[in-house]
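Student: Can you make the complete structure from the sequences, with help from the hints?
Chains X and Y are the protein sequences, given in the same order. To convert, take the position in the first sequence, counting from 1, and add 6; that gives the working numbering. To convert, take the position in the second sequence, counting from 1, and add 41; that gives the working numbering.
The hints are simulated quantities; they were obtained by calculation from the structure and are not laboratory data. One should not assume that every hint holds.
As the list claims (entries may be wrong) - Listed next, with one range per pair, are the computed distances between beta-carbon atoms:
1) A83(Y) x L137(X): 32 to 38 Å
2) E10(X) x S171(Y): 42 to 48 Å
3) F62(X) x N108(Y): 46 to 52 Å
4) Y118(Y) x E61(X): 55 to 61 Å
5) L137(X) x V51(Y): 39 to 45 Å
6) G145(X) x Y104(Y): 55 to 61 Å
Said to hold, decoys possible - Each computed DMTMM-like pair below joins lysine to aspartate or glutamate, with the alpha-carbon atoms no more than 20 Å apart:
7) K80(Y) x E35(X)
8) K46(Y) x E35(X)
9) K131(Y) x D221(Y)
10) K46(Y) x D120(Y)
11) K203(Y) x D177(Y)
12) K43(Y) x E35(X)
13) K127(X) x E35(X)
14) K131(Y) x D177(Y)
15) K131(Y) x D163(Y)
To be verified - For the chain Y half of the interface with chain X, some residues (derived, Cβ under 10 Å), not all of them:
16) R45
17) V61
18) S64
19) M71
20) L72
Since this is a predicted model, take the numbers as computed values, not measurements. Glycine residues also receive a C-beta, built at the ideal position from the N, C-alpha and C atoms.
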Amino acid sequence: MALELLPEFFLFLGVDLFVALALLTCVMEHFNRLISYLYEAAAVFGYVNMFMSKEFIGTFGEYMRFSYSFLFLALALANIVGINIYLLVSKKSWGFAKAFAGSVTFPAVLISTFFLSLYCKDTSYVLTAALMSGAMVLGIGIAFLAIPGKIKERLEGR
Amino acid sequence: MKNRKWLDFVAILLVSLLVVSASAAIYYAMLAQSTATLKPAAVYFTPGLDSTGILTLGANNTYVSLNLDAYPNVTLYYDQAVNLTATAAKQVRLRHVSISPIDGNPDVSNFTSIVFRLLAADGTEMGALSYTTTGDNWNEPTQTNYFAMGAGAEWTIKVEIKATAGGNANIAATIVIGVDVT
Chain X
7 MALELLPEFF
17 LFLGVDLFVA
27 LALLTCVMEH
37 FNRLISYLYE
47 AAAVFGYVNM
57 FMSKEFIGTF
67 GEYMRFSYSF
77 LFLALALANI
87 VGINIYLLVS
97 KKSWGFAKAF
107 AGSVTFPAVL
117 ISTFFLSLYC
127 KDTSYVLTAA
137 LMSGAMVLGI
147 GIAFLAIPGK
157 IKERLEGR
Chain Y
42 MKNRKWLDFV
52 AILLVSLLVV
62 SASAAIYYAM
72 LAQSTATLKP
82 AAVYFTPGLD
92 STGILTLGAN
102 NTYVSLNLDA
112 YPNVTLYYDQ
122 AVNLTATAAK
132 QVRLRHVSIS
142 PIDGNPDVSN
152 FTSIVFRLLA
162 ADGTEMGALS
172 YTTTGDNWNE
182 PTQTNYFAMG
192 AGAEWTIKVE
202 IKATAGGNAN
212 IAATIVIGVD
222 VT
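Tutor: Put into structure tokens, the structure is as follows:
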């Protein structure tokens with residue numbers, strides 16, 4: 007009998023993506039060294055989340071487990087896309103951004119979409135995933151637009 | 042500066058390996074974890090038209106006791122001794138479990154036959170467990186085939202009992218049969 011995916015698979019995928027981001031940002035010259043540790047901390051947070059999910063598996067419903075697992079994955083994907091945009095816009099490193107998009111961003115989004123399509127047996131799960139992705143994009147957009155000019159300048163100055 | 046970068050990389054790599062393998066171990070443990078949820082039985086017993094005075098339903102209608110009569114040289118029919126009701130589409134069968142008095146007991150020869158017939162809602166016989174006697178021994182059935190029972194269907198178990206001519210009064214036989222549901 008084929009094993010069905012558990013909702014925590016998306017958490018696991020998110021942890022993997024954050025770990026990959028931590029290693030990549032550590033190797034690349036464009037980032038402050040603290041960024042790598044921040045991503046590593048996010049990966050550890052994902053692990054703790056997974057541990058909590060296991061401990062409370064009887065209490066949390068499947069829908070809730072899917073919601074927070076997918077949220078974590080969406081966060082990881084948003085960070086990957088964010089780094090891609092950062093390389094392109096702030097660092098004006100077109101070659102790096104292209105390579106990053108081809109080797110990290112596109113595969114990560116493709117793999118996540120593939121497993122999401124495997125898992126989603128109910129329309130409500132698809133809607134939840136779409137809602138979270140939409141909220142994430144909206145949040146990032148608002149953050150970019152609403153960020154005060156002085157902070158923006160300082161960030162760009164770095 | 043370069044050494045510091047390498048130290049950072051090695052530290053992050055080690056922590057990453059630890060986090061990924063620990064997460065994988067937790068995910069694997071969750072796959073192996075099983076939960077058992079209590080649910081009402083999908084197929085359960087309900088009283089039939091002939092159940093009055095003979096039927097005792099057990100807790101949750103998953104067990105039933107029938108107190109049936111038998112007359113010498115007469116076949117007594119209980120057309121609807123007990124009914125089976127399904128809340129979901131299931132496969133059911135009747136299966137012999139035990140009978141007493143056991144083979145070799147002279148009381149056995151007082152009975153001619155005891156037949157349990159599984160009838161669908163339209164009266165079609167799906168299968169039967171037929172207990173007959175040869176001298177002091179029972180000829181016991183094993184089980185019927187499995188039959189598909191639709192959700193909401195109500196089937197019945199018909200019982201036919203016949204005792205021998207000149208059979209003694211107050212001889213009782215206890216038969217335990219199981220209704221297997223898959």
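Student: Hint by hint, say whether it matches the structure.
Tutor: Hint by hint, here is what the structure shows:
At roughly 36 Å, the beta-carbon separation of A83(Y) and L137(X) lies within the given 32 to 38 Å, and the hint holds. Restraint check, E10(X) to S171(Y): a C-beta distance of roughly 44 Å satisfies the suggested window 42 to 48 Å. Between F62(X) and N108(Y), the C-beta spacing of about 50 Å keeps the proposed range 46 to 52 Å intact. The hinted window of 55 to 61 Å between Y118(Y) and E61(X) holds, with their beta carbons roughly 59 Å apart.
The hint said 39 to 45 Å for the Cβ distance between L137(X) and V51(Y), and at roughly 40 Å that hint holds. At roughly 58 Å, the beta carbons of G145(X) and Y104(Y) sit within the given window of 55 to 61 Å. Taken as a hint, the K80(Y) and E35(X) pair is broken in the structure, with Cα atoms around 59 Å apart against an allowance of 20 Å. For the suggested pair K46(Y) and E35(X), the alpha carbons sit about 10 Å apart, so the restraint of at most 20 Å is met.
Using a Cα cut-off of 20 Å, the hinted pair K131(Y) and D221(Y) holds, with the two alpha carbons roughly 10 Å apart. Our distance criterion of 20 Å between C-alpha atoms is broken by K46(Y) and D120(Y), whose separation comes to about 87 Å. Annotation: proposed proximity of K203(Y) to D177(Y) holds, straight-line Cα distance about 15 Å (limit 20 Å). Simply put, K43(Y) and E35(X) have alpha-carbon atoms about 11 Å apart, close enough for the 20 Å limit, and the pair holds.
Between K127(X) and E35(X), the direct Cα distance comes to roughly 43 Å. Violation of the 20 Å bound is thereby established for this hinted pair. For the hint pairing K131(Y) with D177(Y), the CA-to-CA distance comes to about 38 Å; that exceeds 20 Å, so the pair is violated. For the proposed pair K131(Y) and D163(Y), the alpha carbon gap of about 18 Å is at most 20 Å, so the pair holds. The beta carbon of R45(Y) comes within 8 Å of a beta carbon in chain X, closer than 10 Å, and the hint placing it at the interface holds.
Nearest Cβ of chain X to the Cβ of V61(Y): about 6 Å, under the 10 Å cut. The hint holds. Evaluation of the S64(Y) hint against chain X yields a held restraint, the C-beta minimum of about 5 Å falling below 10 Å. Using the Cβ-Cβ criterion of 10 Å, the hint placing M71(Y) at the interface with chain X is satisfied: the shortest such distance is roughly 5 Å. Against a cut-off of 10 Å between C-beta atoms, the interface hint on L72(Y) holds, since the closest Cβ of chain X lies about 6 Å away.
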